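Number of protein chains: 2
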Amino acid sequence: MARAAETRRRTRIQVEKESQILAAALNAFAQNGFAGTTLDGIAAGAGMSKPNLIYYFDSKEEVYRAVLGRTLETWLEPLIALDPAGEPLNEIRGYIRRKLEMSRDRPQESRLFAGEILAGAPLIRDVLEGELKDLVDEKVAVIRQWVADGKLAPHDPYHLIFAIWATTQHYADFDVQVRAVLGGSVSEDDRYKEATAFFDTVIIGGLTPR
Amino acid sequence: MARAAETRRRTRIQVEKESQILAAALNAFAQNGFAGTTLDGIAAGAGMSKPNLIYYFDSKEEVYRAVLGRTLETWLEPLIALDPAGEPLNEIRGYIRRKLEMSRDRPQESRLFAGEILAGAPLIRDVLEGELKDLVDEKVAVIRQWVADGKLAPHDPYHLIFAIWATTQHYADFDVQVRAVLGGSVSEDDRYKEATAFFDTVIIGGLTPR
DNA sequence: CTAGTTTTTGACCATTTGGTCAAGGTCACT
DNA sequence: AGTGACCTTGACCAAATGGTCAAAAACTAG
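Line by line, the protein sequences give chains A and B. Numbering-wise (this note's numbering), the first sequence opens with residue 1 and increments by one. Numbering-wise (this note's numbering), the second sequence opens with residue 1 and increments by one.
What the hints contain is simulated information worked out from the structure, not anything from laboratory work. Keep in mind that a hint or two might mislead.
Claimed, not checked - Within a straight-line C-alpha distance of at most 16 Å, the following computed EDC-like cross-link-like pairs (lysine to aspartate or glutamate) qualify: (1) A:193 x B:156; (2) A:133 x B:175; (3) A:151 x A:83; (4) A:50 x A:62; (5) B:193 x A:156; (6) B:50 x B:61; (7) A:139 x A:126; (8) B:133 x A:61.
Said to hold, decoys possible - Negatives, chain A to chain B, calculated, CB over 12 Å: (9) 12; (10) 16; (11) 18; (12) 36; (13) 40; (14) 59; (15) 80; (16) 94; (17) 105; (18) 110; (19) 167; (20) 194.
Stated by the list, open to error - Computed, partial: chain A to chain B, Cβ under 8 Å: (21) 41; (22) 43; (23) 117; (24) 182; (25) 185; (26) 209.
Because the structure is a prediction, the values reported are computed rather than measured. No residue lacks a Cβ here, since even glycine has one placed at the ideal position from N, Cα and C.
All chains, please: the whole structure from these sequences, using the hints.
Written out as structure tokens, the structure is:
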């Protein structure tokens with residue numbers, strides 16, 4: 001059987017080709033969504049024939065699962081890194097910064113994720129309700145404590161986290177719109193600097209106890 | 001020729017059927033994206049045969065264009081209603097409220113729009129760069145004046161508007177995720193109340209001059 | 001070098017899907 | 001009721017697409 005990632009050790013070629021496929025697939029799925037992406041398209045992007053692609057992954061859905069799974073891993077990191085022992089406003093600021101960097105440096109992953117959620121998260125519903133929810137619950141408790149200690153202005157941490165997700169990912173997911181509105185004059189670098197400054201003023205400002 | 005919306009006056013049946021089609025198409029496109037939606041699916045949703053659908057709209061893309069165009073109209077209203085003569089913090093608060101209500105009451109439209117942008121806005125690039133940009137530029141000038149008058153804390157209004165779009169639409173576009181994280185316990189009504197309260201604290205708080 | 005394994009692909013197939021067409025049914029107006 | 005325009009659809013078509021298969025090419029271990 002052609003199952004590549006099985007018990008047997010992976011060959012050099014397998015490692016290389018699978019990596020090429022996942023890279024091409026990420027671009028394709030992020031740009032066109034699951035339904036809008038063709039195996040031929042991914043194969044072309046990966047520089048191989050469609051049967052060759054299907055030799056490494058049994059089906060289109062399996063390619064999608066693989067690239068989505070890989071994305072999910074890195075997706076949780078920024079929130080995990082929120083340190084309960086740190087200085088509250090600094091931790092929030094750091095979290096926003098990390099999320100914003102991710103939008104800037106890995107926009108395709110962001111769009112892939114957005115597409116999956118928009119479609120109703122058919123493949124990762126359980127991750128959202130399990131791993132993600134648990135992680136968020138944990139961090140919400142931390143933030144609640146910070147609020148109780150008077151280190152942050154009173155607010156609902158769930159919605160703070162939603163707001164951080166929404167605003168930071170917006171720059172990747174709605175990139176076209178952001179560019180259109182800002183016009184060609186603003187460079188990507190400036191955009192992210194402005195965004196950082198904005199969050200520092202408004203979000204952090206809004207969270208600062210008075 | 002079958003062109004329905006031409007010079008000739010539209011018949012009663014045309015009005016009815018086109019409305020049914022657009023409603024079904026909105027659901028289909030919002031749920032499955034352009035590529036993931038089939039004419040048969042829309043036709044079934046509208047309670048008619050595929051050839052009958054194609055009698056009213058010449059192609060799948062034209063159906064999509066129609067439903068997207070209709071959505072765009074209502075999409076700009078909340079920002080248009082931002083009143084330069086109003087009290088700044090109140091105007092911002094009102095804008096947030098209107099956008100949030102739209103997310104709650106017209107989530108399908110929000111998702112349709114999100115899908116189009118995510119895909120690179122192939123059909124509405126020009127609207128974004130034209131109508132939308134002009135409107136935003138105009139309101140940004142208003143907000144800048146408010147800042148200059150010391151009525152709002154200094155900030156970049158472009159990013160304020162992005163933040164408002166992102167956070168409010170998040171509740172429609174990423175609904176599945178929001179639900180998953182909050183768990184079944186929180187009703188839709190409560191969710192929107194909490195969100196409103198959050199924005200009042202953090203965004204409005206962050207914009208209040210000190 | 002050789003044998004066995006892994007990798008690669010052209011040709012092919014079944015299904016789905018956007019769209020056509022001709023024929024029949026329905027509606028509105030006189 | 002009659003007639004012309006409007007509406008509806010079953011049957012059909014061509015293209016696109018997910019996936020198969022057998023046979024050839026390339027690689028690896030001994």
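Taking the hints in turn, this is what the structure says about them:
Taking the CA atoms of residue 193 of chain A and residue 156 of chain B, the gap is near 11 Å; set against the 16 Å cutoff, the hint holds. Annotation: proposed proximity of residue 133 of chain A to residue 175 of chain B holds, straight-line Cα distance about 14 Å (limit 16 Å). A distance of roughly 14 Å separates the Cα atoms of residue 151 of chain A and residue 83 of chain A; the hinted pair therefore holds under the 16 Å criterion. Restraint check for residue 50 of chain A and residue 62 of chain A: the C-alpha separation of about 14 Å stays at or below 16 Å, so the hint holds.
Annotation: proposed proximity of residue 193 of chain B to residue 156 of chain A holds, straight-line Cα distance about 11 Å (limit 16 Å). Distance check on the hinted pair: residue 50 of chain B and residue 61 of chain B sit about 14 Å apart at the alpha-carbon level, within 16 Å; holds. With a CA separation close to 19 Å, the supplied pair residue 139 of chain A and residue 126 of chain A exceeds the 16 Å bound. For a cut-off of 16 Å, the pair hint linking residue 133 of chain B to residue 61 of chain A is broken: about 38 Å separates their Cα positions.
At roughly 36 Å from the closest C-beta of chain B, the C-beta of residue 12 of chain A stays outside 12 Å, upholding its exclusion from the interface. Distance to chain B confirms residue 16 of chain A as a non-interface residue, since its nearest Cβ pair spans about 30 Å, more than 12 Å. Every CB of chain B is more than 12 Å from the CB of residue 18 of chain A (nearest about 25 Å), matching its label as outside the interface. Look at residue 36 of chain A: its CB is around 3 Å from the nearest CB on chain B, not clear of 12 Å, so calling it non-interface is violated.
No Cβ of chain B approaches the Cβ of residue 40 of chain A within 12 Å, the least distance being about 14 Å, so the stated non-interface status holds. Here residue 59 of chain A stays apart from chain B, with its beta-carbon at least about 17 Å from theirs, past the 12 Å limit. For residue 80 of chain A, the non-interface assignment is confirmed: its Cβ lies about 15 Å from the closest Cβ of chain B, beyond the 12 Å cut-off. Non-interface status of residue 94 of chain A relative to chain B is upheld: no Cβ of that chain comes within 12 Å, the nearest being about 17 Å off.
Against the 12 Å criterion, residue 105 of chain A stays outside the reach of chain B, whose nearest CB is about 18 Å from its own CB. Not every beta carbon of chain B lies more than 12 Å from that of residue 110 of chain A, the smallest distance being close to 10 Å; the non-interface claim is violated. Its closest Cβ contact with chain B, about 5 Å, brings residue 167 of chain A to no more than 12 Å, contrary to its assignment away from the interface. The claim that residue 194 of chain A lies off the interface is violated: its Cβ sits roughly 5 Å from the closest Cβ of chain B, which falls inside the 12 Å cut-off.
The criterion of a C-beta within 8 Å of any C-beta in chain B is not met by residue 41 of chain A, whose closest approach is roughly 12 Å, and the hint is violated. A cut of 8 Å between beta carbons decides the hint on residue 43 of chain A: the least distance to chain B is about 18 Å, and the hint is violated. Because the smallest distance between the Cβ of residue 117 of chain A and any Cβ of chain B comes to about 5 Å, under 8 Å, the interface hint for this residue holds. Hint status for residue 182 of chain A: holds, given a least beta-carbon distance of 6 Å to chain B, under 8 Å.
Here the hint on residue 185 of chain A is broken, as its CB sits about 12 Å from the closest CB of chain B, past 8 Å. For the restraint placing residue 209 of chain A at the interface with chain B, the shortest Cβ-Cβ distance is roughly 10 Å, beyond the 8 Å limit, so the hint is violated.
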